[in-house]
Structures are given as structure tokens and as C-alpha cells.
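Read off the chains here:
Protein chains: 2
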Amino acid sequence: MIFCRNEPGTDFSVSKFDVDLTSRVWECVAGELDSRFPWLLKTLAFILVLGIVLFMFRSVSLPVVFRGFKSDHAHLPLTLLSKESIRNLFSYDGIWLFPKQQCKCVTSKGRRGYNLQDAYNHSDLPAVQARRQAEFEHFQRREGLPRPPPLLAQPNIPFGYPVHGVEVMPLHTILIPGLQYEGPEVPVYKVTLKASLGSLNTLADVPGDVVHGRGRKEMIISTSSRKLLQFILQHVTYTSTVYQHHWVDTVSLKFKSSVAKFPVTIRHPVIPKLYDPGPEKQLRNLVTIATKTFLRPHKVKVLLQSIRKYYPDVTVIVADDSKEPMEIKDDYVEYYLMPFGKGWFAGRNLAISQVTTKYVLWVDDDFLFNNKTKIEVLVDVLEKTELDVVGGSVLGNVFQFKLLLEQSEGGDCLNKRKGWFQRLDGFPRCVVTSGVVNFFLAHTERLQRVGFDPRLQRVAHSEFFVDGLGSLLVGSCPYVVVGHQSHSPEDLNPTPLEKIYGIYRKNTNDQIQFKQALHYFKNHLQCFE
Amino acid sequence: MIFCRNEPGTDFSVSKFDVDLTSRVWECVAGELDSRFPWLLKTLAFILVLGIVLFMFRSVSLPVVFRGFKSDHAHLPLTLLSKESIRNLFSYDGIWLFPKQQCKCVTSKGRRGYNLQDAYNHSDLPAVQARRQAEFEHFQRREGLPRPPPLLAQPNIPFGYPVHGVEVMPLHTILIPGLQYEGPEVPVYKVTLKASLGSLNTLADVPGDVVHGRGRKEMIISTSSRKLLQFILQHVTYTSTVYQHHWVDTVSLKFKSSVAKFPVTIRHPVIPKLYDPGPEKQLRNLVTIATKTFLRPHKVKVLLQSIRKYYPDVTVIVADDSKEPMEIKDDYVEYYLMPFGKGWFAGRNLAISQVTTKYVLWVDDDFLFNNKTKIEVLVDVLEKTELDVVGGSVLGNVFQFKLLLEQSEGGDCLNKRKGWFQRLDGFPRCVVTSGVVNFFLAHTERLQRVGFDPRLQRVAHSEFFVDGLGSLLVGSCPYVVVGHQSHSPEDLNPTPLEKIYGIYRKNTNDQIQFKQALHYFKNHLQCFE
Numbered sequence: 001m002i003f004c005r006n007e008p009g010t011d012f013s014v015s016k017f018d019v020d021l022t023s024r025v026w027e028c029v030a031g032e033l034d035s036r037f038p039w040l041l042k043t044l045a046f047i048l049v050l051g052i053v054l055f056m057f058r059s060v061s062l063p064v065v066f067r068g069f070k071s072d073h074a075h076l077p078l079t080l081l082s083k084e085s086i087r088n089l090f091s092y093d094g095i096w097l098f099p100k101q102q103c104k105c106v107t108s109k110g111r112r113g114y115n116l117q118d119a120y121n122h123s124d125l126p127a128v129q130a131r132r133q134a135e136f137e138h139f140q141r142r143e144g145l146p147r148p149p150p151l152l153a154q155p156n157i158p159f160g161y162p163v164h165g166v167e168v169m170p171l172h173t174i175l176i177p178g179l180q181y182e183g184p185e186v187p188v189y190k191v192t193l194k195a196s197l198g199s200l201n202t203l204a205d206v207p208g209d210v211v212h213g214r215g216r217k218e219m220i221i222s223t224s225s226r227k228l229l230q231f232i233l234q235h236v237t238y239t240s241t242v243y244q245h246h247w248v249d250t251v252s253l254k255f256k257s258s259v260a261k262f263p264v265t266i267r268h269p270v271i272p273k274l275y276d277p278g279p280e281k282q283l284r285n286l287v288t289i290a291t292k293t294f295l296r297p298h299k300v301k302v303l304l305q306s307i308r309k310y311y312p313d314v315t316v317i318v319a320d321d322s323k324e325p326m327e328i329k330d331d332y333v334e335y336y337l338m339p340f341g342k343g344w345f346a347g348r349n350l351a352i353s354q355v356t357t358k359y360v361l362w363v364d365d366d367f368l369f370n371n372k373t374k375i376e377v378l379v380d381v382l383e384k385t386e387l388d389v390v391g392g393s394v395l396g397n398v399f400q401f402k403l404l405l406e407q408s409e410g411g412d413c414l415n416k417r418k419g420w421f422q423r424l425d426g427f428p429r430c431v432v433t434s435g436v437v438n439f440f441l442a443h444t445e446r447l448q449r450v451g452f453d454p455r456l457q458r459v460a461h462s463e464f465f466v467d468g469l470g471s472l473l474v475g476s477c478p479y480v481v482v483g484h485q486s487h488s489p490e491d492l493n494p495t496p497l498e499k500i501y502g503i504y505r506k507n508t509n510d511q512i513q514f515k516q517a518l519h520y521f522k523n524h525l526q527c528f529e
Numbered sequence: 001m002i003f004c005r006n007e008p009g010t011d012f013s014v015s016k017f018d019v020d021l022t023s024r025v026w027e028c029v030a031g032e033l034d035s036r037f038p039w040l041l042k043t044l045a046f047i048l049v050l051g052i053v054l055f056m057f058r059s060v061s062l063p064v065v066f067r068g069f070k071s072d073h074a075h076l077p078l079t080l081l082s083k084e085s086i087r088n089l090f091s092y093d094g095i096w097l098f099p100k101q102q103c104k105c106v107t108s109k110g111r112r113g114y115n116l117q118d119a120y121n122h123s124d125l126p127a128v129q130a131r132r133q134a135e136f137e138h139f140q141r142r143e144g145l146p147r148p149p150p151l152l153a154q155p156n157i158p159f160g161y162p163v164h165g166v167e168v169m170p171l172h173t174i175l176i177p178g179l180q181y182e183g184p185e186v187p188v189y190k191v192t193l194k195a196s197l198g199s200l201n202t203l204a205d206v207p208g209d210v211v212h213g214r215g216r217k218e219m220i221i222s223t224s225s226r227k228l229l230q231f232i233l234q235h236v237t238y239t240s241t242v243y244q245h246h247w248v249d250t251v252s253l254k255f256k257s258s259v260a261k262f263p264v265t266i267r268h269p270v271i272p273k274l275y276d277p278g279p280e281k282q283l284r285n286l287v288t289i290a291t292k293t294f295l296r297p298h299k300v301k302v303l304l305q306s307i308r309k310y311y312p313d314v315t316v317i318v319a320d321d322s323k324e325p326m327e328i329k330d331d332y333v334e335y336y337l338m339p340f341g342k343g344w345f346a347g348r349n350l351a352i353s354q355v356t357t358k359y360v361l362w363v364d365d366d367f368l369f370n371n372k373t374k375i376e377v378l379v380d381v382l383e384k385t386e387l388d389v390v391g392g393s394v395l396g397n398v399f400q401f402k403l404l405l406e407q408s409e410g411g412d413c414l415n416k417r418k419g420w421f422q423r424l425d426g427f428p429r430c431v432v433t434s435g436v437v438n439f440f441l442a443h444t445e446r447l448q449r450v451g452f453d454p455r456l457q458r459v460a461h462s463e464f465f466v467d468g469l470g471s472l473l474v475g476s477c478p479y480v481v482v483g484h485q486s487h488s489p490e491d492l493n494p495t496p497l498e499k500i501y502g503i504y505r506k507n508t509n510d511q512i513q514f515k516q517a518l519h520y521f522k523n524h525l526q527c528f529e
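Residue numbers (this note's numbering), protein chains in the order written: chain F, 1 to 529; chain E, 1 to 529.
In case anyone wonders, no lab produced these hints; they're calculated from the structure.
The structure displayed is predicted, hence computed values, not measured ones.
Treat the hints with caution; some may be incorrect.
[Claimed, not checked] Think about it this way: if two alpha-carbon atoms lie no more than 27 Å apart in a straight line, the pair counts; the simulated DSS-like pairs of lysine-lysine are:
#1 F:Lys256 / F:Lys217
#2 F:Lys342 / E:Lys217
#3 F:Lys301 / E:Lys256
#4 F:Lys342 / E:Lys254
#5 E:Lys342 / F:Lys301
#6 F:Lys323 / E:Lys254
#7 F:Lys342 / F:Lys329
#8 F:Lys261 / E:Lys256
#9 E:Lys227 / F:Lys83
#10 E:Lys227 / E:Lys254
#11 E:Lys342 / F:Lys281
#12 E:Lys227 / F:Lys194
[Said to hold, decoys possible] Among the chain E residues that face chain F by a calculated CB cut under 10 Å, a handful are:
#13 Leu40
#14 Asp118
#15 Leu125
#16 Arg131
#17 Pro149
#18 Pro150
#19 Phe159
#20 Pro177
#21 Met326
#22 Pro339
#23 Ile352
#24 Arg429
#25 Leu473
#26 Gln511
#27 Phe521
By construction, the Cβ of each residue, glycine as well, lies at the ideal position given by its N, Cα and C atoms.
Based on the provided sequences and hints, a complete structural model is requested.
Below, the structure written as C-alpha cells:
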């Protein structure tokens with residue numbers, strides 16, 4: 001039996017009461033034990049302290065324990081890596097890609113950087129810049145750009161909630177998964193949910209005083225039952241109330257000063273546009289060949305003959321902006337006559353607009369099919385991968401190039417480099433890149449989505465792949481080869497017609513200037529190197 | 001002074017100790033006071049109890065306090081709303097939209113639901129279904145569908161991290177914002193970060209034993225300094241290592257058994273395709289008119305005359321798949337001759353493929369411009385809103401319809417309803433809907449992205465808006481009106497040519513069956529009502 005007394009004059013405050021009392025009693029007990037069993041006390045004390053220490057350090061390895069509690073890391077200065085190391089980390093292929101205010105147009109050895117605004121008259125430039133900025137802002141608004149800064153979660157939030165992946169179609173309703181409360185016990189739980197672009201509700205059948213604001217943007221749950229709170233939270237619904245296409249709402253959950261925020265994406269799925277390959281999966285039901293010609297009817301005829309040698313019934317679409325129509329006697333050729341000289345990319349865009357098969361094979365009018373020109377091989381690549389476009393080789397020339405974009409205010413900088421990014425999964429002889437030669441197979445629907453800009457009337461090639469940046473995944477399989485019609489006698493002694501072709505085909509300074517101005521305005525670029 | 005004693009034989013267990021002792025002392029004190037100052041005790045007791053109660057319920061409203069400590073909520077059964085209430089919550093316009101396994105094709109009063117697989121021969125159906133499923137899966141793979149289930153955050157995670165909005169371009173590197181540790185103090189902090197589609201690093205300059213795995217998919221931070229840990233976390237970088245277009249990586253942060261997971265989106269921004277409206281913002285630099293004609297040259301001529309009355313120099317594109325070309329003497333008309341009878345939507349797709357201005361105005365070849373046909377008004381609507389398409393009215397007929405998609409395995413159900421979703425912000429006389437009449441102004445680039453399916457050769461209209469679901473935001477402003485050419489003498493006594501037109505134009509049963517089969521396969525639909 002132990003008798004311990006309160007000392008007179010001790011404080012009687014509610015908050016400290018039990019602590020103070022506990023320690024005084026402990027001293028009293030300890031004192032009593034000590035006087036009766038000194039060795040027992042000391043042994044017990046040692047065992048107790050050792051037990052506490054081992055319990056506290058149970059997750060720490062022994063070397064650390066024996067290294068002592070004072071570590072060197074506490075004195076380590078907080079410094080960043082060297083500027084050069086950081087630059088390397090943010091670089092790819094020697095280009096410093098780190099998001100920065102201003103990218104610069106660099107002309108270095110072997111690399112020519114075009115400062116695209118030089119394509120405009122100095123006096124016109126301010127007005128052009130103003131117009132481009134206005135158009136760019138309109139574009140941004142329609143794309144929902146710029147995106148808001150990342151939503152950051154605070155540590156130790158007493159809620160479970162969905163971090164990512166909650167999507168709802170416009171005007172639809174969904175259940176929000178993963179909502180739960182794991183905070184302290186309180187007599188009454190008051191949890192507030194808020195949304196901006198939709199309304200909230202719950203499938204739980206509870207009285208009106210438990211859930212306020214059903215069907216509104218702010219819903220308050222108020223209950224003393226933790227179990228009921230969880231049940232209500234498990235059945236919270238979100239209804240999108242505005243018909244829009246790609247907005248992101250931020251929904252918040254609040255308990256006292258703890259706030260959890262998570263995104264709800266309002267998105268309408270894009271409806272599929274599939275093509276039926278037919279019961280036999282015949283090539284003519286899968287692929288259409290497309291080409292554009294101008295003042296070179298003899299070349300087109302030679303091309304067609306070479307195609308028919310290997311593919312007698314595949315549809316060939318010919319877009320022609322020559323002066324006079326040509327006559328083609330072929331049941332599987334579709335011939336389109338355009339206004340004279342309307343242009344190269346206009347013709348390409350026209351040709352692909354008429355395709356009714358899943359894939360389209362682009363060829364130039366002076367190519368020559370041979371026994372290495374295996375369309376089926378390219379089809380196989382697109383069928384088995386996620387590529388949108390796969391290029392082959394024109395007599396060994398693959399013309400693979402990478403496009404790397406440095407985003408920047410006042411216009412982006414686009415870098416063009418020979419080569420490829422990585423090998424293609426499943427096809428080790430093929431690679432992934434940004435641009436290829438003008439002999440490629442493409443998903444018709446994806447190609448039509450990007451299109452060939454009819455503003456490009458004369459010489460143009462990489463512009464298509466620039467327009468496709470972010471939309472088209474491009475690959476290259478060099479072992480599928482098409483030939484090229486060598487100079488024929490007609491080329492050596494050109495007819496008046498062919499002389500005109502030569503004039504149109506020349507990449508003049510005016511042409512170059514026009515294309516630079518187009519890149520500047522259309523693609524919101526500052527520099528192209 | 002109050003003297004209270006422990007009763008002999010009382011338990012001395014650590015956990016209950018302070019509570020038991022507290023209550024025994026309290027009883028002792030209370031007993032002493034009571035014998036000396038009965039009224040004082042009762043008053044003090046009352047004040048004390050009231051104070052404690054008010055303190056405990058300080059965050060609860062008074063009505064709740066006075067309702068008593070024992071709440072009914074603990075006994076409330078956990079039930080959901082009635083089936084009917086739930087159904088209403090998930091419905092829009094009477095259509096039950098809740099994600100469900102199987103949507104059904106319903107034929108009810110006034111509404112005809114087409115079970116689209118009926119368009120196929122019964123014997124062909126299994127093969128068609130198999131082919132459609134294969135094509136759908138290929139489509140899904142390329143779109144990154146189906147999306148993984150939502151990423152759920154557990155409660156009370158001792159980390160701060162970015163919930164949403166972290167994006168990186170393929171092969172680029174970014175800083176991850178918001179990472180922090182706010183867990184318990186430990187002698188050594190060991191935090192593991194993991195990624196799948198990229199590698200991790202930190203800009204903090206620290207020894208190799210503090211950070212393991214720089215530049216790898218798993219990086220381990222090991223330090224005894226909490227300050228150093230925070231510094232390292234604040235400067236963590238993520239590098240995308242695979243060239244892909246729209247993948248989402250899940251990055252995890254682990255400390256003992258607490259794991260935080262958050263998404264990093266690997267996305268290449270879509271490059272802009274802007275149009276220069278020119279210094280004066282003249283209509284002819286902003287808008288191109290496009291139309292398609294077939295065996296109705298007289299109608300086209302009347303249309304052109306009416307256009308020129310109000311818009312003398314706006315470019316008009318005419319796609320023609322008649323037998324013989326027509327002659328149009330107009331400097332601002334571009335005329336395209338197609339293979340005979342190639343088709344309605346093929347011609348529409350051709351026409352829009354040639355547009356070089358920001359906007360394109362679609363008109364049918366038998367419309368008639370009048371003084372209410374104000375293109376500028378439609379331009380103003382598109383310039384000031386996020387709409388992609390805005391329709392007008394053809395002699396009072398607006399043909400507005402809503403399309404509501406019920407997603408389902410085995411094909412979706414599409415519901416078509418007259419009317420509109422909501423009024424257009426900033427233009428109260430205009431509305432947002434899914435489909436409009438064939439008189440509309442559209443963003444050229446957005447229209448080209450969707451396109452007109454050249455497989456639709458004869459009668460078709462809503463198919464274009466179905467293809468545009470999820471891509472085009474459509475509006476309607478009924479106060480911009482175009483006229484319609486009334487029946488001319490030529491119509492009453494049709495020439496042989498016009499008789500042929502009549503045959504082609506008829507929406508035969510074969511036509512209907514073909515279009516249903518196309519919706520079934522192409523759009524992966526089960527039902528269209």
C-alpha cells in the first residue's frame with residue numbers, strides 16, 4: 001500500500017491537472033520504493049530506459065545508432081549543383097530546353113538560325129506582332145491555355161480523396177470515388193464541399209439538417225456520427241452544369257482548417273471514326289494511294305504503270321492543278337482538276353480529303369514502284385504500333401529529322417536536327433522521329449486532322465511536320481523503298497510546259513521569305529534553326 | 001486544505017492510473033466540500049459542468065447543443081436514396097446517363113430508336129462485330145484509352161505534393177513543385193521516389209550517400225537532417241525518357257509505410273495554326289465561302305449573284321461532281337471538278353480543304369443571300385466566344401439539335417433531341433447546341449480537324465455533327481438569316497439532267513441502311529434515337 005498526499009497550495013486548473021498530479025504521485029511512489037528496495041529500483045529503471053530507447057530506435061540501423069546522435073548532415077550547406085550541371089540536366093541533344101522566359105535564335109557552326117521576324121518589313125512589324133498576339137490569345141482561350149499552375153496538396157490532410165482521373169462528361173453526373181475522413185474524433189463533424197463548374201449531391205438518404213445544399217455548388221455535411229459521415233462521403237456525386245469541352249473544376253473538402261483540393265475534368269470523349277477493313281482485309285480496302293501533280297503528266301503515267309505492276313486494284317487519287325486536264329484510263333484512279341497553279345499543299349490537302357480507307361500512302365508524282373516497295377510492310381507497322389505516320393526510303397534517302405520545341409514568351413524556338421529519338425518498340429529496324437521523306441503511310445483520320453496548309457503553294461516539306469507537332473507520332477522504316485524516276489529525255493529537252501514547271505518549282509528568296517513569315521505568324525515561332 | 005486518501009487495494013496500472021485517481025480525488029474533494037458548504041458545492045458544480053460543456057461544444061451551433069448529447073445520427077440507418085431519386089440525379093432531358101454496362105435502344109412515343117446492327121445481314125454480323133472490336137481496340141490504344149481508374153490519396157500522408165497539373169514535354173526535364181515532408185522527427189530520414197516513364201534527379205548538391213539513384217527511375221534520399229531533406233525535395237526534377245504523346249506517369253513518394261502518389265502528364269503541346277487577318281481585317285481576308293454542287297448549275301449561278309450583291313470580293317470555293325464542268329466567270333471563284341457522282345460529303349471535304357482564311361462559311365448551292373445574311377455578325381460571335389461553329393437560320397429554320405451520348409460496352413447509345421443546352425455567354429439571342437442547319441460559319445482549322453466523311457455520298461447531315469462530338473463546340477444564332485431558292489420553272493419541268501439529280505438525292509432505304517451500318521462501325525454505336 002502506498003500513501004501519497006497532495007501538497008497544500010497546489011494548482012487546480014483543468015488542463016494541467018492530470019499531468020501535474022501524475023508526476024507528483026510518481027515521485028511519491030519512486031521515493032517509497034527507493035527507501036524499501038534500492039537495488040530493485042535502479043534495476044527496474046535501467047531496464048525501463050533501455051526498453052524505451054530500443055523502442056524509439058527500432059527502425060534505425062545499428063551503425064547509425066552507434067554513429068551517435070549528432071550527424072554531419074546538419075552542417076551540410078544547402079547548395080545547388082553548378083550552373084553547368086543544371087544546364088546539362090535540362091538539355092537534350094545539346095539544346096537547353098528548360099522553361100525560360102526568352103529562347104534565343106543562335107547561329108552556330110553548321111547551324112543556321114532564322115530569326116523569323118526578319119521576314120517582315122521593319123515598318124510593318126509592330127502591327128504584325130499585335131495581330132499575332134491577338135490571334136494567339138484567341139487560340140489560347142479556345143484551347144483552355146495557359147493551364148493554371150499545379151494544384152498542391154498540403155501534408156497531413158485528414159481526408160482521402162481522388163488525386164487524378166476523375167472525369168465527367170458535360171451535363172452528366174458521376175460518383176466521386178475515394179472520399180473519406182480520417183481526422184480526430186469530435187462531437188460534431190462539419191465537412192464543407194465546394195465546386196465551381198458543377199453541383200454536388202449525395203446518394204445517402206439523410207435528413208435535411210445533416211446535408212445542406214444538395215444540388216448546389218456548396219454542400220455542408222453536419223453530423224455527430226462518424227459512421228454516417230463516411231457513408232455520406234462515399235456517395236458524393238458531382239454534376240457538370242455547363243456545356244463545355246475541356247474544363248477542369250477544382251473541388252474542395254474542408255474540415256476546420258484542413259482543406260483538400262482535387263481536380264474534376266469535364267471532358268466529352270472524342271467519338272471514334274473507325275474504318276471497316278472488310279472480311280478479307282484486302283489491301284485495296286485498307287489503303288489508298290494519293291499524289292499531286294503539276295505539268296508533269298508523263299511522270300504521273302510512269303508512276304501509275306509502276307504501281308499497277310504490283311498493286312493492280314488499289315485506288316489512286318490524283319490532284320492536278322495543271323493548265324489542261326490529263327486523261328487517265330484506269331478504273332481505279334480518281335482524278336481531280338484544280339484551279340491552275342493553286343498549289344502544292346492545296347493539292348495534297350485535296351487528295352487526302354477524298355480518301356475513304358483507313359490508311360493513305362503518300363507518293364510524289366515522280367516516284368517509281370519496285371519490288372522493295374511493300375505497302376503491306378508499312379501497314380503492318382501502323383497496325384501494330386501507336387504511330388500515326390511511318391515513312392520509308394526514297395532510293396536510300398530517309399530524310400529523318402527531329403523537331404525540338406523551346407517554349408518561350410514572344411514566340412517559341414524550333415530546333416531541327418537530323419536523326420531520330422529512339423527505336424520503335426517491336427520493330428528494331430524502325431525508329432521514332434519528327435519528320436520523314438515524302439513517301440509514307442498514314443492513318444487517314446490522323447493525317448486529315450493535321451492536313452497540308454493550302455497557303456503553301458510552292459516548295460514545302462518540313463512545314464507539314466511542324467504543323468503536326470504534338471499531333472502526329474512519326475516513325476521511319478528505311479527498308480521499305482520506293483524508286484525515283486531518273487531524268488528522262490524529256491527533262492533534258494524540256495517542253496515549254498516543263499519549262500514552266502521549273503519556274504514554279506524554284507525555291508526563290510521570295511518563297512523562303514514567305515515561308516518564314518508564315519512560320520512566324522501561323523506557328524507562333526520566333527526562331528527556326 | 002483537503003486531505004484525500006487512496007483506498008487500499010486499488011489498482012496501479014499505468015493506462016487507467018490518472019483517470020481513476022482523478023475521479024477518486026474528485027469524489028473526495030466533493031465529499032469534503034459538500035459537508036462544509038452544500039450550496040456552494042452545487043453552484044460550483046453547475047458552473048463547472050456548464051463551462052466544460054460549452055468548451056467541448058464551442059464549434060457546434062446552439063440548437064445542436066440543446067438537442068442533447070445523445071444524437072439520433074448514431075442510430076440513423078445507412079441507406080441510399082430511392083432508385084427513382086438516384087435515376088433522376090443521373091438523368092438529363094429524361095435520358096438516364098449514369099455509366100452502366102449496357103445502354104438500350106428504346107422506341108417510345110414519338111421517338112424512333114434504330115438498333116444499328118440491324119443494318120447488317122444476320123449471317124455477317126458476328127464477323128462485323130469482331131472486326132469492329134479489333135478496330136476499336138487499335139483506336140483505344142492510340143488514344144491512351146481506357147484511362148486508368150482514379151488515383152486515390154490516402155488520408156494523413158505526411159507529404160506535400162502536386163495533385164494535378166504537372167506536365168512535361170517528351171524528353172524534357174521539369175522541376176516538380178510542392179514536394180515537402182511534414183512527418184515525425186526521426187534520427188534518419190529515408191524517402192524513396194519512384195517513376196515509370198521517366199527518371200528522377202535533384203538540383204541539390206549533396207554527397208552520393210545522401211541521394212542514391214540520380215538519373216534513375218528510383219531515387220532514395222537518406223539523411224539525418226530534416227532541413228537538408230526539405231531542400232532536396234524542393235529541387236527534385238523529372239525527366240521524360242520516352243518519346244510519346246499523351247501518357248501519364250505515376251510518381252510515388254515513400255516514407256516508411258506512408259506513400260503519396262501523383263500524376264505527371266507527358267504531353268507535347270499542339271503547335272498553333274493561326275491566320276493573319278491583315279492590317280484592315282477585311283472580310284475577304286477573314287472568310288471564305290464554300291459550297292458543293294451536283295447537276296444544278298442554274299442554282300449555283302443564282303447563289304453567286306446573290307452573294308456578289310453584298311460581298312463583291314469574298315472568295316467562293318465551288319466543288320462540283322457533275323458530269324460536265326460549269327463555266328463561272330468570276331475572279332474570286334475557285335472551281336474544282338471531281339469524279340462524276342463522287343459524292344456530297346466528299347465534295348464538302350474537298351471544298352473546305354482549300355480554304356486559306358481563318359473562317360469558312362458553309363452554304364448549300366440553292367441558298368439565296370439577302371440583307372439579313374450578315375456574315376460579319378457570325379464572325380463577331382466566333383471572335384468573341386470559344387465556339388468552333390455557329391449556325392444561322394435558313395428562312396427561319398434553325399434545325400438545332402442536341403446529341404447526348406450514353407457510353408456502354410458493346411457500343412454507345414446516341415440520343416438526338418431538338419433544342420439547345422444553354423444560352424451563349426455574351427450573346428443572349430444565341431444558344432449552345434450539338435447540331436445546326438447547313439448555313440454556318442466555322443473556324444477553318446477546327447472544321448478541317450473533323451472533316452466531312454467522303455464515305456457519305458448521298459443524303460447526309462447530322463452525321464457531320466456526330467463525327468464532331470467531343471471536338472466541335474457548336475452554337476446557333478437564329479437572327480442571321482439566309483434565303484432559299486424557291487422552286488424555279490426549271491424545277492417544275494426538270495431537264496434530263498435535273499431528273500438524274502432527283503434520283504441521286506432520294507433518301508432511299510438502301511441509303512438509310514448504309515448510313516446506319518456506318519454509324520454502327522465507324523462511330524462504335526449500338527443505337528441512335
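Hint by hint, here is what the structure shows:
no. : hint                : verdict
1   : F:Lys256 / F:Lys217 : holds (19 Å)
2   : F:Lys342 / E:Lys217 : violated (52 Å)
3   : F:Lys301 / E:Lys256 : violated (73 Å)
4   : F:Lys342 / E:Lys254 : violated (61 Å)
5   : E:Lys342 / F:Lys301 : holds (23 Å)
6   : F:Lys323 / E:Lys254 : violated (70 Å)
7   : F:Lys342 / F:Lys329 : holds (25 Å)
8   : F:Lys261 / E:Lys256 : holds (25 Å)
9   : E:Lys227 / F:Lys83  : holds (23 Å)
10  : E:Lys227 / E:Lys254 : holds (18 Å)
11  : E:Lys342 / F:Lys281 : holds (24 Å)
12  : E:Lys227 / F:Lys194 : violated (35 Å)
13  : Leu40               : violated (15 Å)
14  : Asp118              : violated (17 Å)
15  : Leu125              : violated (12 Å)
16  : Arg131              : holds (6 Å)
17  : Pro149              : holds (7 Å)
18  : Pro150              : holds (4 Å)
19  : Phe159              : holds (5 Å)
20  : Pro177              : holds (5 Å)
21  : Met326              : violated (13 Å)
22  : Pro339              : holds (5 Å)
23  : Ile352              : holds (8 Å)
24  : Arg429              : violated (17 Å)
25  : Leu473              : holds (6 Å)
26  : Gln511              : violated (16 Å)
27  : Phe521              : holds (5 Å)
Hint violations for this structure: numbers 2, 3, 4, 6, 12, 13, 14, 15, 21, 24, 26, all remaining hints satisfied.
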